[in-house]
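Protein chains: 4
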Amino acid sequence: MNSPVLLIDTPDEKGLIHTITGVIYHNNHNIICNNEYVDHETSRFFMRTEIEGECDTETLTEELKNRLPEGCRIRFASQRRRKIVVMASKEHHCLGDLLIRNSYNELNADILCVISNHDLLRQLTERFDIPFHYVPVEKLTKEEHEVKVLEILNKYSPEYIVLAKYMRILTPGFISSFPAKIINIHHSFLPAFIGANPYRQAFERGVKIIGATAHFVTEELDEGPIIAQSVIPVNHTYSANDMVLAGRDVEKNVLAKALQLVFQERVFLCGKRVVIF
Amino acid sequence: MNSPVLLIDTPDEKGLIHTITGVIYHNNHNIICNNEYVDHETSRFFMRTEIEGECDTETLTEELKNRLPEGCRIRFASQRRRKIVVMASKEHHCLGDLLIRNSYNELNADILCVISNHDLLRQLTERFDIPFHYVPVEKLTKEEHEVKVLEILNKYSPEYIVLAKYMRILTPGFISSFPAKIINIHHSFLPAFIGANPYRQAFERGVKIIGATAHFVTEELDEGPIIAQSVIPVNHTYSANDMVLAGRDVEKNVLAKALQLVFQERVFLCGKRVVIF
Amino acid sequence: MNSPVLLIDTPDEKGLIHTITGVIYHNNHNIICNNEYVDHETSRFFMRTEIEGECDTETLTEELKNRLPEGCRIRFASQRRRKIVVMASKEHHCLGDLLIRNSYNELNADILCVISNHDLLRQLTERFDIPFHYVPVEKLTKEEHEVKVLEILNKYSPEYIVLAKYMRILTPGFISSFPAKIINIHHSFLPAFIGANPYRQAFERGVKIIGATAHFVTEELDEGPIIAQSVIPVNHTYSANDMVLAGRDVEKNVLAKALQLVFQERVFLCGKRVVIF
Amino acid sequence: MNSPVLLIDTPDEKGLIHTITGVIYHNNHNIICNNEYVDHETSRFFMRTEIEGECDTETLTEELKNRLPEGCRIRFASQRRRKIVVMASKEHHCLGDLLIRNSYNELNADILCVISNHDLLRQLTERFDIPFHYVPVEKLTKEEHEVKVLEILNKYSPEYIVLAKYMRILTPGFISSFPAKIINIHHSFLPAFIGANPYRQAFERGVKIIGATAHFVTEELDEGPIIAQSVIPVNHTYSANDMVLAGRDVEKNVLAKALQLVFQERVFLCGKRVVIF
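Protein chains in written order, with my numbering: chain L, 144 to 420; chain E, 144 to 420; chain F, 144 to 420; chain B, 144 to 420.
None of these hints come from the bench; they were simulated from the model.
Do not rely on the hints blindly, as some may be mistaken.
Said to hold, decoys possible - Only pairs whose alpha carbons sit at most 25 Å apart, straight line, appear in this in silico DSS-like list of lysine-lysine:
id : chain 1 : residue 1 : chain 2 : residue 2
1  : F       : Lys285    : F       : Lys298
2  : B       : Lys415    : B       : Lys400
3  : L       : Lys157    : F       : Lys157
4  : L       : Lys233    : L       : Lys400
5  : E       : Lys282    : E       : Lys233
6  : E       : Lys285    : E       : Lys298
7  : F       : Lys233    : E       : Lys400
8  : L       : Lys226    : L       : Lys298
9  : F       : Lys400    : E       : Lys400
10 : B       : Lys324    : B       : Lys400
11 : E       : Lys226    : E       : Lys291
12 : F       : Lys233    : F       : Lys400
13 : F       : Lys208    : L       : Lys157
14 : B       : Lys400    : B       : Lys233
15 : E       : Lys298    : E       : Lys233
16 : B       : Lys157    : E       : Lys208
17 : E       : Lys157    : B       : Lys157
18 : B       : Lys208    : B       : Lys157
19 : F       : Lys233    : F       : Lys285
20 : F       : Lys157    : L       : Lys208
21 : B       : Lys324    : B       : Lys415
22 : B       : Lys233    : L       : Lys400
23 : B       : Lys400    : L       : Lys233
24 : F       : Lys226    : F       : Lys298
25 : E       : Lys157    : B       : Lys208
26 : F       : Lys324    : F       : Lys400
27 : E       : Lys400    : E       : Lys415
28 : L       : Lys400    : B       : Lys400
29 : B       : Lys285    : B       : Lys324
30 : E       : Lys233    : F       : Lys400
31 : E       : Lys324    : E       : Lys298
32 : E       : Lys298    : E       : Lys282
For reference, chain L alone in the conformation it holds in the complex (with noise of 0.2 Å):
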């Protein structure tokens, strides 16, 4: 993905793709692949474009404002690699596959550190030559410990945080920091089971299946727009426990899976749901 890709997210109005297009066109410029959608629920019209080679992005945003509705959205997405933090708790398995991940270049970011209220993955993130910050709770109030990470954290400014088994729950004022940009894991299919304990949950409900959740973090627990979900089945000899462990595979390639649509630009918010191109 070398292509400068434009974003639109705009009041619909008819002649739109026409318009955009055209500027694009008589700007001289090749496009390789464009998607485009309208959301009946709220009359957006979204639009991303793979335009060929390099373009003078300042020039086409300005053009394309002029033509288009009040109350539009434009942004070119760079293409350098998103910066990103990763935060994690006890658990290794996102945070491993997010690892080798990152070291092969698979990512479209680059992880600049890992930060954890345990101690118990350093060794796993240090094996990659990443640094890792231990932030123990003990002895803080949650907006205490916060302070802590956020110290953290404005050091590296990063552009997303990924909770990859982040087990804290994070304050509404912490989370409006960083508004669409922190993505959790969820280890359940949502809305199912949200809270603590999901797998507990579904093994007392007797389910067939289970799944994990990727999704933007708002300031409703489990309750942000969802990227990305999966799931596989389950029978009556899965313990809780087992559950756990099957679940493992699910959350790490859905958690990989969010990310790799974020960080490639494929995810419009719009409103508590995603478009994804």
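Since the structure of chain L is already known, use the hints to place chains E, F and B on it.
This is chains E, F and B only, laid out in the frame that chain L set:
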């Protein structure tokens, strides 16, 4: 499936498999297929045994009862097809699928009649020469309506009642008359989206996967033991109505699968969960 | 789906989207839904556009033809339901599913008649008031049999022929009379298990997943462009016959899905592959 | 899994379960989990029994041998982790996944070393403190190269060899030295796309689903008994290379799943198929 099926559900203790297979062996029978499972939550042992040829089920039951722990349940499943009544409302897809399977003897059951609170599915049902009973709800309380339904049910004495998109909530009184004998298809991946309009709920939550759940009906709405579940992927281009249409194929397949499992005597109740062999 | 659908398939060049949407816009039409794709293997551009309301398709076609590259194909899909003939042999599951969908207008098509080389599916077909034509093969060469089938087909002039488990191999001559107009369901995950008895082959190979494939029929057996595929898990307890039974639900769903895609004009041929919007 | 596992594979006869569980019961052992299966193609009976606590496996084996039919195979699986060697070529995803699982003791195995015909995966391997042996192929015949590989293998005496995207075809001589002890991941849904470049083949055939297959290696290329398979959907927008990337997650998960099954002693060979408990 022509061999008798022995179904045992008993408090666990050492040597059960040896004891049970001993009774079968000493009565000179061969086992075609055997499954057993110990549920560690309840310490109960479950076993399903297909026996070759005919056997004197009374003698075997007697001998088994003498050797198994207090609290055991021993049952030989008859080889007759189950007698069932299907209840439906307006949607044809589950009923239509069952009628075709029934007409080719694929259900291990015979549909005795169809009962509906609407008159819409009469033609479909009668195409297959199955009696259709329309019980309108107008001017009736829920209880009065159920009395009329029960009158019809009593005439047919079904072994199971299948709710093939029957959209009225049954009263606890009705349900308790048919313990573990009513099977429902719910149009969501339970426990997500309990209650009305699950596809609308799914659309609004922006889920990426929708599903269906076949379960035994208990007095708590949508809380009965789950027999089968299945899912399909959806995306942002699906309206709530598109999800309804896409969900139909999942619903009919999950319901048919659950019925096959139950009617082949592969399903044991185990608290709020089921054991499926 | 009541809006006219514009289908364009043309050699790729810069500015195509702008040009095409310009013709639509200057004729004062609104686009409801648009998809486009460039196939890099063949350098062809594909576009499918749903237009709001009625439109003068002749004028639009003329204008488009004047502006698009040599070699373009422009077509407006009519909003009528397609006229189809279903051919089947002995198995009822695909035919039964299509008959029910047909009777509720779910196919975007009307089944004109059913043709079979056996007389087994007559009752099922006639339950739905669809003409059934039995064309026995006894004492006929393959070509003679096809002549009799063609006589019936000519009487009905279908736009598509659906092979719903029609188990005779058609001659190249027959197939070439209906280019890209015959859709078949093959009971394996092609290209695995081409030819006869795929479930037996699958059993012997010990596969852990079985599937079904809906494809356009071309002169090479089981080699036509694939429209849809689906799979289900199996295990060592499945006999070849169990696979046959389990495969039925996959077959009927995949066939129905492929027909929906084709009859909604979402499928473009692109060499040996298809583009699906 | 700390309990001893008894594995029996014997010609079928009446009373086998009773006989075997009798030996266990009379030696005063409790069965935690039991599975059995009769393969009707070969008339062989398979049984896997987890026994609670420690047991005198020699005595039990002796007693069982005296009571079971000629041709029976009786084995107690040791509770040690298996010793394995991983062979890989250039791709890191399967190896990386195994190294992480290994470092957290999730494989029921210990990776003794990695052998490769390239020097590319050295850093990844050594991050996890596992010896890496580079055996270049330049100027060597296939046999000469294998001699060098065998020298290393002999030094480690692994119980299993895992081909984690090792892209050279092994000679029959090499394979026959490790009967049913070499496990390979093939990057297609076998038997579709045997041999080289399966994703290219899949792209050209226009399939809508791609997959991966873990299997025992036998002398016939890609024809060994299948242990596990999995698939993912693809569509016309996937190039052959996109399929390669998308296939990676399937490959690594299927390989890991197959290894877990084998290393937990859940897999019996049964001709060209496997029985999995």
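Worksheet item: Which numbered hints does this structure break?
Response: When the structure is compared with the hints, none of them turns out to be violated.
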